[in-house]
Amino acid sequence: MERGVDGRVGGGGAGCLADADGGENCTHVPDQAVITLGRGEQREKTHVARRCGDELTRLTARGLTYPVKATACLGWIRGLLKYFPPSRHPKVGCLSAGAHFTRICCAILACHNAGALCFNTSGAVIGDLLGLLVPFVDLSDLDQRPETYLPLDMLSFYDLFIELVEHFAGVSYSAPIFSNILLLFLQTSSLPANYRRALWGEHQTALRALVISPREYILSAASYKGLFEPVEGDEGVLRSYASALCSGLIQPCRQPILALIAIHHLNRNIYSLSAKAEHASFLSQLSSSLKFIASRGSPEAVQMLDYLRRYKAPVVPNSPAIPISQLSNSNYTSIGCAKVTDLMQLYEENELPPLRIKRWDEFMQ
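When the sequence shown is numbered by the UniProt record's numbering, its final residue is 365 and no position is left out of the sequence of numbers.
In case anyone wonders, no lab produced these hints; they're calculated from the structure.
Predicted model only: the values in this text are computed from it and were never measured.
Be aware that a few hints might be false.
To be verified - Result set (BS3-like, lysine-lysine): computed pairs, CA atoms no more than 25 angstroms apart in a straight line:
hint	residue 1	residue 2
1	Lys82	Lys69
2	Lys91	Lys69
3	Lys312	Lys225
4	Lys276	Lys291
5	Lys291	Lys358
As the list claims (entries may be wrong) - Label pairs and their in silico Cβ distance ranges:
hint	residue 1	residue 2	range
6	Ala110	Ala280	40 to 48 angstroms
7	Trp360	Gln326	41 to 49 angstroms
8	Leu273	Asp153	42 to 50 angstroms
Quick reminder that beta carbons are idealized off the backbone N, C-alpha and C, glycines included.
Make the full structure from the sequences, and use the hints.
Here it is in structure tokens:
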């Protein structure tokens, strides 16, 4: 049986994903499960396991104690969840999928190295854990009943998100794994508007650093669709979308997913009759801003105006995702060649419905 980084057999030290003080919130596993996992890991002997050992040795030599322990702990939890998946075991070691997810976020917050555990071996492990846990995480319930999921020293799920955003701005280096975690919190289908207002309107340094292309998106199609439906109705968020696009803070060629989110929700509100009555003042200001930036003759501004006019619907990315092992490499460079037009359906000029033409003309008057 393999030994943990603290020298103890099995999961004695790494067998729980615990609070920093190792308190009562750690998740323990029966000895029988440890034996099963040990044999399974020995049988596999994969390249990932060898890479993990090399990484831990390197980190230990540099004196980076926390990354070593966190990587070992996260790797053990990954093995545990693969053998006891949340689909068949709602609680593993007395922790639900949501509780595991929040503790992974806390582990990231506790690391102040470049990438905050989202590079190298620890990043690959976290990427795998997201795939195992996210389909079973109820973000709405996490927001409404944080005491059920969070460690004892965390007050609310929103506070956890704000700390993640600030940490991302400070140390992430736009790590794709970390970027995927932040995108989870932007779903209109799961969380209230204050989460989206915080990132789009109050933490623009983090927003600028959130550079992620469709092939770097590793979460489920359901999570992706949650970014677009239901349509955003909070005026503060809509103003932040418009400001980010009109100011050039978000650029379709650099941040296609974020640009698509803003274009989608602005387009839906421009053409919605209910939004016309509810957000009349905002839509009037948006029209003035769009006409002003278009009058300056910038090709990018004219193109964005055309996207807003002819946008039809989002398209779920169908190109194969970049392997997590590459995304977590600290030397990875974002491909940066995705086109926002690959992520959207656009009306052809001769296909535009007459009512849409009329509504756009009214909007731009």
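Hints versus structure:
At most 25 angstroms may separate the alpha-carbon atoms for a hinted pair to count; Lys82 and Lys69 meet this at roughly 20 angstroms. Under the criterion of a C-alpha separation no larger than 25 angstroms, the hint pairing Lys91 with Lys69 is consistent with the structure, at around 23 angstroms. About 15 angstroms separates the Cα atoms of Lys312 and Lys225, which keeps this hinted pair within 25 angstroms; it holds. Distance restraint check for Lys276 and Lys291: the Cα-Cα separation of roughly 18 angstroms lies within the 25 angstroms cut-off, and the hinted pair is therefore satisfied.
Distance restraint check for Lys291 and Lys358: the Cα-Cα separation of roughly 17 angstroms lies within the 25 angstroms cut-off, and the hinted pair is therefore satisfied. A hinted range of 40 to 48 angstroms for the beta carbons of Ala110 and Ala280 is consistent with their spacing of about 47 angstroms. Take Trp360 and Gln326: their Cβ atoms lie about 42 angstroms apart, and the range 41 to 49 angstroms holds. In this structure the hint that Leu273 and Asp153 lie 42 to 50 angstroms apart at CB holds, the actual value being about 48 angstroms.
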